[in-house]
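**Student:** Since each chain comes alone in its own frame, lean on the hints to assemble the complex.
Each chain is listed here by its residues.
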Amino acid sequence: MVQNKQKEIMGRDSILKAIKQHKPDLLPIPEIDGARFDDDVNLLDIFKHNVALVGGSIKEVDKALIDIEIKKQFPHAENIVALNETSTLGTISVNKQTDPHELATIDLAIVNGAFGVAENGAVWVSEKESIVRVLPFISNDLVIILLKEQLVLHMLQAYHKIATRDRNFGVFISGPSKTADIEQCLVIGAQGAMSLTILLV
Amino acid sequence: MSHAEKATIFNKNEAKVNWHDKALWYVREKRDNAAHGVKEWEYLRDLASAIKANVLSDLDTYLVEFEANALKNGIKIHWASDAEEHNAIIGKILDDNKAEKVVKSKSMLTEECHLNPYLEAKGIEVVDTDLGEYIVQIAKETPSHIVLPAIHKTKEEVDELFQEHLGTKPSNGNPEYLTNEARKHLRGKFLKADVAITGVNFAIADTGGFVVCTNEGNADMGSHLANVHIASMGIEKIIPKEAHLGIFLRLLARSATGQPITTYSSHFNKPAEGKEMHIVIVDNGRTEQLSREDFRASLHCIRCGACMNTCPIYRRSGGHSYDATIPGPIGSILSPGKDLTKHSSLPFASTLCGSCSNVCPVKINIHEQLYKWRQIIVKDIKQPMVKKSILKIAASVLAKPKIYDFAGKSARFMLKHAPRFMIYNKLNAWGKARELPEIKNENFDQWYKINRKK
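Residue numbers (the working numbering), protein chains in the order written: chain A, 1 to 201; chain B, 1001 to 1454.
Extracted from the complex, chain B is given alone in its bound form (with noise of 0.2 Å):
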């Protein structure tokens, strides 16, 4: 299914969507609040954007260095390939520690190898633990947000799941009541597992060590309960010095939320005495997306989901929409990478009015390679007969003024004439959910001669 016949599913609720809508920009607001009390931020979003390509032009190194460091410190470093590498990589650590028992804190890229399905047909445990993530993962559906994962759901929704899966008593969706009911549910969890999964928010070459944010601390009460600790990470979460964390965590929760930074910033550098801590570093189509010139800043970023929040597509569309790991602007210009023919609708659901990258804390220019992926994707995938007649029907129109004026004069004459019928209906997707504006005086180029007149 295309973005656009998913998208019309999601619209069946237009309560929802307004609410989807409104609560996303919410955010994007509490973003700019953010961003707006801080001295230089564009200074810091030069100076992030600088850095990732630094990294992007020499990852090797960044990777080797920080791999030695690493080990020096007693960190386990493992390489994957591929979705299937990074599991059977986490196969074998778990069963060289007879673990049943897993704990994840959010991990888009445990999601993006389908880490959990893999792990479940091993007979293991696995328990998402970021309460979003908890959320989708009882009620058997994917992250549709890649900062707010249960964006999708109403309170009444988790209500009802919880109460089939917790035994908590109904409450109208009360966020207090069914937040502590998952804390205590979650503790339980934590105290029993053999080991923690986690994501890396940052790796830091010049240590070895790694960042890893969260606002629940569900990561910290994972990693230092159990007896080992996993990270998965991307190649390009590489970040040269330590110093260079003053950068990035400055812009990553401001961009995310509003916050000034998330509860916890954790710094893990060495396993505890008597722990095992194991890094995968995991490439899965990342080095294939680094030669392609003109999408590589993709791999700038850092997953705070600021792109989203203000995507007038994506707030009113949805996450699951995109049919993809990472949804919205970001993910229409990875998810083409890694299957063209699968993603092929991704690009276009854009209006490409550049607002993703007046956000991006790294600058990716996300508009413009939305814009690039178009011009491969009409090349070289097939595109709808509709599509294609009107693209053509338009072309001639376009090139012909006399024509193009006479079209012109017709539409601006049955919108002010034309009984609704004739306008509001299934061939004009324009009036769908929306008035058209009404029609005054002339147009532009009559309003133009009459007045160069005067």
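Next up, chain A with everything else stripped away, as it sits in the complex (with noise of 0.2 Å):
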């Protein structure tokens, strides 16, 4: 034990040292414009394409209206963790001591996220919407319902909104889980969610 930390601390001094030998005269950080990244066009018409794009689908739906369009598409999902305020089509609650392994029958979730990424068709769900970090991934299908105006145009704004978050665990999620690892034949549902669902409201 002792000996083991040991070697670990000699790991350390010694990388540290051999880096402070070996590493080149200091190059500045560069300054990043971010204003050559503006684009004067549509966010909502760019999302959808690109949430189609990477194997999602997405629809705008009148809020009231959220477990009927949910109901429409899962017709037989029973087991259901809803998260989302106006859903009452939860059968199964969790909390934040939810063990991950309960979740491994759950057919469907339906979670808040908390804003789009046009560039990229990609959600922000952290575990302030997911509850269980798992959730998300290990659902057999996932709606994620979106406020259309939360969305930005790409990846450098979405980190200037996410900057000040409680930092614990966050995901970009960008269309379903998929895999093209047998000959190059792309494959929606992988080890993730088979489905994801963007519901706009």
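A couple of the hints might just be wrong.
With a cut-off of at most 20 Å between alpha-carbon atoms, the simulated EDC-like pairs for lysine to aspartate or glutamate come out as follows [what the hints assert, rightly or not]:
#, chain 1, residue 1, chain 2, residue 2
1, B, Lys-1030, A, Glu-183
2, A, Lys-23, A, Asp-33
3, B, Lys-1270, A, Asp-99
4, B, Lys-1072, B, Glu-1176
5, A, Lys-96, B, Glu-1276
These are computed hints drawn from the structure, not numbers from a lab.
**Tutor:** This is the structure:
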């Protein structure tokens, strides 16, 4: 035990010492001129286009009709976790203490997205929205409810938006899980959610 | 075996080589489409390159800052000078947690450290959960590409492997069926794992957090279910600020596969309540590469694989011909730094066309570094007799205009008039699997002399 700890400390010091010895003279961090990425485009149109491009489906719905839309799309879902305040479809409740393994049989998760990124169709979902980290991944299907005014153009703006968040866990989700590892054939539904539906309200 | 010898073996199956070549070129074309759709793409590359150069020039400060911030957030930090220390540290974490089952998501670093055999020797079950990595794991092979690990396998080969290991039905290599069977199998592994091991795409100094990018969601399935998450990272994975992810995530997936971003870009800052999170920071030859001025920029690499997809040699020789953890152009400048003798043929596995440097999202001058390694290798490592004598002859021919003129004329005469067997035989490597150009009219010198008079 003690010996192992000793070795690790040596590892740290020897690595840092080697870097100090070998690194080149200090080079500056570049200033990022964000204005160069500005583009006068319709965020909603681009976002919709890119969600479809990455294999997701997207629809604008009236807030009062969320549940009707979800029922229509997922008529057979039984085990549902609904973390959106207007949805009453939830059959299983979760909290911070929920053992993630218990969510293995979830058919459908309905979570809020914090905001969307137009350039790549990604939506930011943090622990605040998913409560249990594994939920958006382990659920068979995933529905994200997103306010349509909550869109940014690109990732630099996205990071500006989450700069002051409570940092625990968060993920940009762009489409359903997918793989092309067998002869480059795209297959939707790898280890994470099999489908992603974004409902814009 | 040299790269050329291994490439010869890969080239025995011409149909497969042709498929491999086209499949990767298609990925390159997707990369172009994605890149051309981004306003100020070249500016993004400039910024990424400059940020990485800054990182290397102040790496020790950033690592210490990263460590302090991660510790504040309850993440445990370990330092490993080499592969052996890396494996021992992970072995100890597993022992401390009495872990028996491990799920891994893609990490080229753990491949580099040969972690799997180390853990298996300890009696631990290790399952690679990225589909491509799972395929090569059950085939007892190594990844042949850093983003597309099983690109060298046909769907029929995967079908047979799955029949043997997962008991699937013969499906003529139906990708949907096979992927879904793997999904079911891997679900069971995720749910029973004690520890999840992932790589790190970016480690952020000013927050102490790290980002892992996957398309399959396997890193998240593993790390959020298991009680312990261990992430292994090379020292060069550091970026100064979280805001810089806004540059790198715009470049990474577009360069890798032509996607606008990977499906999941997961940001880990704190362990979940009641769970453990560890980061192992690894040197394993990187500080030595940092000391080599000419090759330092190879540490900018963000492992997108774009240089492999575009390389005419890689596409037609396959990743395994490089006999290194990281194959392709970037691997050919990293590997000689680790073992110059073993990897001395790799810098020659290039046409120096520069395509790799053109697509590199962090602007590594790959082809120039390949050329520089060649200068070192011909001085330090004994070259094959044939190569030496051919180069000697070439040098004397090129130095004497009259002999050069005669040699050129004879070659043109032969190509025009000699029978096929004299041209397309073992002595002429340029005639292998390809037709030589048709010879028409005079050479340039003759053409110039005639046309100047006009």
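**Student:** Indicate, hint by hint, whether the structure satisfies it.
**Tutor:** Hints versus structure:
1. Distance restraint check for B/Lys-1030 and A/Glu-183: the Cα-Cα separation of roughly 16 Å lies within the 20 Å cut-off, and the hinted pair is therefore satisfied.
2. With a C-alpha separation of about 27 Å, the suggested pairing of A/Lys-23 with A/Asp-33 is violated against the 20 Å cut-off.
3. Taking the CA atoms of B/Lys-1270 and A/Asp-99, the gap is near 17 Å; set against the 20 Å cutoff, the hint holds.
4. Our distance criterion of 20 Å between C-alpha atoms is broken by B/Lys-1072 and B/Glu-1176, whose separation comes to about 44 Å.
5. Of the pairs offered as hints, the one joining A/Lys-96 and B/Glu-1276 holds, with about 16 Å between alpha carbons and a cut-off of 20 Å not exceeded.
Consistency note: the structure conflicts with the earlier hints numbered 2, 4.
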